[in-house]
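Work out the full structure, taking the sequences as your base and the hints as a guide.
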Amino acid sequence: MKLAYIGLLISFLWMAGVLAGAFYFSPSAEILGETSRIIYFHVPVAWICVLAFCMSFWFSISYLRTRRAELDVNAEVTARLGLWFCILATITGAVFAKSAWGMYWNWDPREVSITVILLVYMAYFGLRSSVPDPERRMKLSAVYSIMAFVLMPFLIFVVPWIYSSLHPDTIINVQGENKLLDGRMRMVFFFSLAGFTFVYLWMYRISARIEKLVRRKEGWNV
Amino acid sequence: MIQKRKTGATNTLNYAIKILAVIKKDVQAEYRARYAVNSVLLFCVTSLAVVSFSLGGTVKDPGIQASLLWVILFFSAMMGLSRAFIKEQDRGTMNTLRLVCEPGQVFIGKMMMNFILLVVVMLIVTPLFIVLMNIQNIHVGYFASVMVLSAAGLSAVCTLLSAVVAQARARGTLFPVLAFPVLIPVFMVAVKATEKAISEPSPWANSQMLVFLGCYAVVSVIGGSYLFEYVFTE
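Those protein sequences? They're chains X and L, same order as listed. My numbering puts the first residue of the first sequence at 1, with every later residue one more than the last. My numbering puts the first residue of the second sequence at 1, with every later residue one more than the last.
Be aware that a few hints might be false.
Stated by the list, open to error - To spell it out: a stretch of chain L is covered by chain X in this simulated footprint if at least three of its residues, at any positions, have a beta carbon under 8 angstroms from a beta carbon of chain X; those stretches are:
#1 104 to 116
#2 159 to 171
#3 174 to 182
Said to hold, decoys possible - Chain X is faced by these chain L residues, among others (derived, beta-carbon under 7 angstroms):
#4 Pro185
#5 Met188
#6 Val189
#7 Tyr230
#8 Val231
Simulated from the structure, these hints should not be mistaken for laboratory data. Since the model is a prediction, treat every value here as computed from it, not as a measurement. Beta carbons: idealized from backbone N, C-alpha and C, even for Gly.
Here is the structure:
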């Protein structure tokens, strides 16, 4: 119990440090100016969205293999968090797009991909809510989650073909080297990435515990 | 050794016969009632008429023409292909199917049936579309390959999702919601490739898109038949 509080304190201080670093310590990027500071929030949030998607896939596979109800709880909880982070990534991205490109939405490849991930998450929960029988619900939602994940590489592959990009990542990452990120920016960025990942895992643990308690009350052995 | 090979061969043969039996049963049921073909075709022709009435001959841009064709085909696929398992569930014949066939046989049979249905619809709708939209320089071979490869991917994904949706409530609305995000890659590439087929003089020069559609079809058939077992068996 004490260890959990210490961990909480550390992550709180860590995120406070990230905030301070993002606004005071790191310089602004050369071309993008002050708007570039959104990288410390938008990119980690989008990363969590993808991470949650992968974790949901992994739990779904394990569920189908072992048929243990707690794995379905994990898959659902991580998908729900993923949905929230996905919405956050979409909003922060749109805010950046408005200030950098002049429009909230212009079907950039990244915007297309995040929309599809958002649609997959929403379809997943749509499916869950329309299957009344719990065991069937677990099975079918696991199948859908796996199918969506398996076909996702096609999307990642095809989108840059069809739409041209203005996303900073494609401009900054010329041949794999970050030309516009200097040392201090990179440091704050990776600190932020680690901090967000930690916060996500913490949220995931709490929500999984709550969800398991709820299901235990409903008479499930999880 | 020889004995072993022989049984392997007869097993494969039996497997194929079962698949054919599933297809035959569906074709017969379809021939007697003509439910899916009628509703899907009527829907297709109606939406085609709506599109061409509202546009007349004004749309000359091949990109827009290709998108319109695929919007019509996509929604008719959503209507027709979802029925593969919903009708079994409604008639209460799902358990019979479970008794007489293995999951893999049912999946492949149903997928082939959906594929045939989709190709029939395409065979009727695309010539009408070409005439009504006044499309002149069309590359038939490339166009047909795009249609067949996309139909393969579409029918594999739709067959799996049809089995998923058959066990849920609110199936009619749920099916397109589930299918659209998964089918987006096929949809986008099919539109682009169709545009190429009706605008460029030699589309074969760069056939990346066909390879892409083929890969999608293969992965969705493999993934679908693997996952179908979990959906189908109780």
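To see whether the hints hold, each was checked on the structure:
1. 104 to 116: Check failed, 0 qualifying residues.
2. 159 to 171: holds (count 7)
3. 174 to 182: The restraint on the region 174 to 182 of chain L holds, since 6 of its residues have a Cβ under 8 angstroms from chain X and three suffice.
4. Pro185: Holds, because the Cβ-Cβ distance from proline 185(L) to chain X comes to roughly 4 angstroms (cut-off 7 angstroms).
5. Met188: holds (5 angstroms)
6. Val189: Holds: closest Cβ of chain X sits about 6 angstroms from valine 189(L), inside 7 angstroms.
7. Tyr230: It holds, given that the least Cβ distance between tyrosine 230(L) and chain X is near 5 angstroms, below 7 angstroms.
8. Val231: holds (5 angstroms)
In summary, the one numbered hint that this structure violates is 1.
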